[in-house]
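J.: Given next are the chains, with one letter for each unit.
There are 2 protein chains.
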Amino acid sequence: MAATKYAIGVDLGGTKILAAVVDNHGNVLGSAKKSTQAEKGVEAVIKRIVKAAEEALDDANVKKDHIAAIGVGAPGLIDSARGVVLNLTNLPGWRNVELARHLRSWHPATVVISNDVRMAAIGEHRKGAGRGAHSMVVVFVGTGIGGGIILDDRPWVGFRSSAGEVGHMIIAADGPFAIGNGIRGGIEALASRSAIERDLRAAIAAGRKSILPELMREKETDTITSSILAKAVSKNDALTMEVMRRAARYLGLHAASLINILDPEVLIYGGGVIESLGEWLLSQIREVAFEHALNKHHLNKVRIVEAELGDRAGVIGAALVALDAV
Amino acid sequence: MAATKYAIGVDLGGTKILAAVVDNHGNVLGSAKKSTQAEKGVEAVIKRIVKAAEEALDDANVKKDHIAAIGVGAPGLIDSARGVVLNLTNLPGWRNVELARHLRSWHPATVVISNDVRMAAIGEHRKGAGRGAHSMVVVFVGTGIGGGIILDDRPWVGFRSSAGEVGHMIIAADGPFAIGNGIRGGIEALASRSAIERDLRAAIAAGRKSILPELMREKETDTITSSILAKAVSKNDALTMEVMRRAARYLGLHAASLINILDPEVLIYGGGVIESLGEWLLSQIREVAFEHALNKHHLNKVRIVEAELGDRAGVIGAALVALDAV
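Chains as they are written, first to last, in the numbering used here: chain Y, 325 to 650; chain S, 325 to 650.
Don't read these hints as lab results, they were simulated from the structure.
No distinction is drawn between identical chains; accordingly, a pair holds when it is met within one copy or between any pair of copies.
Cut-off 25 Å, straight-line C-alpha distance, at most; resulting in silico cross-link-like pairs (SDA-like, lysine to any residue):
#1 Lys625 to Arg478
#2 Lys340 to Glu367
#3 Lys555 to Gly602
#4 Lys625 to Arg419
Model the full structure from these sequences, guided by the hints.
T.: Below you can see the structure in the form of structure tokens.
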């Protein structure tokens, strides 16, 4: 029997860092969460990554020298072969940072760095809703839309390692621009939480009635969060229902496109919007997808299911990818 | 040195049957073309396939018993594992036809049957514009839009063998319906020759001036063929330019979506519309694609090139796939 191996998985985000000690079966033995404090600069953030890793070790009661590998998912462009972060979204100063070298000076293990959503997609494949399936597309619907593609049990990364940008498929060519640097008419510009919030605010500014302003006051927030969206849907707020149904339709058309070109075994949906709205949203996505998928009369329909790991998908995926490289 | 092997490749179409004798290097040694006469029924069409194969053998001066395999590409749903044609577009009566068994009763060789555009995509990969590249998407723009996806040097066929339907990616969700049984807002409904013809006819019916009616009278045809489109573009016909530029923009957005999710090494364009309009169309597709591809500043841009094999792609692909199975 092979001995159990341990890795640290890190999910580096713009606002928080999640670290976990994970074994080679994908079990999380301990974890820690810290604020990123990205504004303090690269060096300070690296120190906080190390701190989070040490706290996760403590939580898991695993000794540092039992750790064989460290995997990091980061939100941006990564040169995985060299372990260099090329450029991160929402983390100022992160350009050409030799993160693998820095982490190895803390602990001389195998270090693997890759894109955060790609790591999370791998987590869902290996230990979440994609267990046992050989091909899948994972779509995370949150502030933005990202995801990953697994084909023949491996992530499809493409020729320049930039494949899997499922948020940037163009679904409504003459539709709205994305918030940020996204693509006009891309699914992120149509159905992300940011896009939904943009449409809701525009309608309210134009005089449409809605309980959303009241819900935001109650929760003392300026943001139309995913949980506020869910609350408004549960209360049958007409404006929210209308905007969410439009977003669901676009997500269903996006799913149909993915099915028509990739014919995956499973489509997995995660992220804050899905976590808050769950089956109410998924059932609409399924309906539109099957209606527009080419082989709609196929008996053996693609499974469209919810992700299972929540925000642990990233650390589990990162740890398992890193252990693969040992 | 391995001995040269020979196969017959067949491209079964709604109006014509192309057969060729092809060696294991993808060289065409001889070929024959016959009308399909689909209206005469399944048995008559199978006889014409055999006739075309015999004429190709004669043209190549290769003996029937030197043929190790027969590959057939057919326009519709195929159960490749059983060698059964499930359902063909534009060929009445082709439901659950055991084509492999019929062909083996003519010649007891290995018979492989698959979708026609998938066979043509494999032809372009192995012997055409995709030689040497390991991942590619092939897009044929003709009366409809079809194609195929090659990843890691193999066709990606998907979980239910229905992947690669690149003509049914939704690009303009609220756009027009396809002619036939296509999908609303799918690229086939926006940029196929049928879609272009639909838009041109509507504009002419609404009173727009164009030289197209005159060109059709000259060519004695009721159809706005690809070569008539090319003629009208060469004469700077304002309406044709406008409609073609819109189609080119949609093809460019479609290419951007493909690049963003699959990041292939090469994108290959073939089919009648591309053959007639060539670089004039491709340069517009490239410009829009690079503008909307996520990694647009990437130095190593995806190559977007024209297919090289014309209507021989299908027979070459079919023959090589069949030889692989020997």
